[in-house]
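> One letter stands for each residue in the lines below.
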Amino acid sequence: MAERERDRDGKPFLVPKPDGHSDSGKAGEAYESEGERLIAEWFELYYEDIHQYLYFMLGQRGSEAEDILQEVFIKAYRNLHSFKGQSSPKTWLTAIARNAALDAVRRKRWALPGFLPHKEEEAPASDQPERAALTEERREKVWGLLDALKPEHREVIFFLYQKELSVKETAALLDCSEGRVRTVSHRALRVLRKNGEFQQWIGGEASDGD
Amino acid sequence: MTGTNGPTGGNGREPGKGLVDIPKLSAQRKEEIRSGILTGIRSWTKEPEEEPQRTGVNAKRRRLWAGGGIGAGCVAIALAAVLTVQTDAFTNWADSGASRTAGVTDETGQNPTDASPGKETFPYGHELSVAGVDVNDMPEGIAEPLLPLTYDEFRSRWEANASSEQVAISAADKDGQTLQNALPRLNETRQDFGEESFGYGYTAWTGNEDGKLRELVFRLGDSSEGVAKNPADSEVVRYVTTVLQPGLTETEREALLDQLRFRDFEAKGGSRIAESGGLVYTLDRNEEKQRLIVQFMRAEDQPDALGKWQDSLLDIVRE
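If you're matching them up, the sequences are chains B and D in order. With our numbering applied, the first sequence corresponds to residues 1 to 210, in that order. With our numbering applied, the second sequence corresponds to residues 1 to 319, in that order.
The shape of chain B in the complex, shown without the other chains (with noise of 0.2 angstroms):
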């Protein structure tokens, strides 16, 4: 049987003990072995912030994010006998998804020429045109000073101020030291601010609607 434990976000997950059972899985899913179920499991709990991540890091190619979303847990699942819960399973799919991300970003230098960049699919509804646009037009600037960062600088800006995470979480997310992430994002930082917007677009003292 697996032992439920509970993650830094207070999540309940189940560690695989070596007969490879877990005790849970979603009512009424029929599932061929217990790491099917467990895989399951963690999907659940988890698409949504491994797809943020991935959508974060490939930026205005953020499509693929599913794509690679989809890879990331046929590959946890591959590789299960290796995750001994020393640390959480959002850690250890994020290291999975960490990969694969730097690994897509790698084929972005063969992309095609004409690439069209990738558009919100759910566009926030608004009456107000002038509004919409403005968003739009900051999303469009916002990308393009992330595009900047090299992918280890993107991901650090991506837990601390996307996700909005402490140093101490992020770290821990990125298994490295509190004082990694700090220099990093001081050095992403300073890439940042030498685009003259920075403080229009992702600075938190630019005003509204100047």
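Hint data in this document are derived by calculation from the structure and do not stem from the laboratory. If you're wondering where the values come from, they're calculated on a predicted model, not measured in any experiment. Please note that a few of the clues may not be correct.
Straight-line C-alpha distance at most 30 angstroms; calculated DSS-like pairs for lysine-lysine [as the list claims (entries may be wrong)]:
#1 D:24 / B:75
#2 B:194 / D:212
#3 D:289 / B:90
#4 D:212 / D:289
Chain B is already provided as a structure; the job is to place chain D on it using the hints.
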């Protein structure tokens, strides 16, 4: 899981909204992906992972990694040795009184017992090099700080404006303790301030050649459930910004302090980071401990290999 790093979204972004809107998966798309995962899992048959060919390039790369690992290990061991010496030295400084100076001369050849009282530069400084690190083999170059400020200037400003008991230099620790070359080419000064019961103090790291500040770490009071036990902590943070950046307008200072302020709705503990005028402020709450770290940013267009290496050592020491 809520915001701890300051307001990040200009142009109308609110705390908790992040930098950009990331579209959520529709329920239908989520189910498609979930189904795709199960299909992928079921179609996968376990095969032994193909062993990569060990080419000459791979072997070379492995050797490089191994070399890097050994090098990093050596630095870590050396640093641990220095810290042990350093800790012992400070302990001895406090415990053994005059006996500590017996038979020891400082860098100028002067016996420490002859040094002026109160200005107790640590006498063993010249002996505290990093064991195992060849000073001739260290990286070179430290870029200029964006805000050049020596420790003496900082200290002078601090004392000149310390009108409240929260920030007055502790009479019992009037000149602090300085350890030269505590890290390669960096001096460390520890100083208590404020009422003794508050437990306030700072550690200043300065370049040992130019005396310019590299980092300041302020020890604040304890926190409980994410709330500072001593309201005076926030006054100390304000005072630090006043000393380091006297030229800020009140509006700018309030904005800076606002970025360093924990909100009631935020997670207990964590960090808030703010950058201003070449300084990076980090307010840390780790369990009960609170501290404010101020790092002096350096120019990016200058050689900085030694500076970056020192940064990595400071990261370790700060932990």
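> Taking the hints in turn, state whether each one holds.
Results for each hint:
Taking the CA atoms of residue 24 of chain D and residue 75 of chain B, the gap is near 22 angstroms; set against the 30 angstroms cutoff, the hint holds. Between residue 194 of chain B and residue 212 of chain D the alpha-carbon distance is near 24 angstroms, which keeps this suggested pair within the 30 angstroms criterion. For the given pair, residue 289 of chain D sits about 27 angstroms from residue 90 of chain B by alpha-carbon distance, which is consistent with the 30 angstroms threshold. For the suggested pair residue 212 of chain D and residue 289 of chain D, the alpha carbons sit about 28 angstroms apart, so the restraint of at most 30 angstroms is met.
When each numbered hint is compared with the structure, no violation occurs for any of them.
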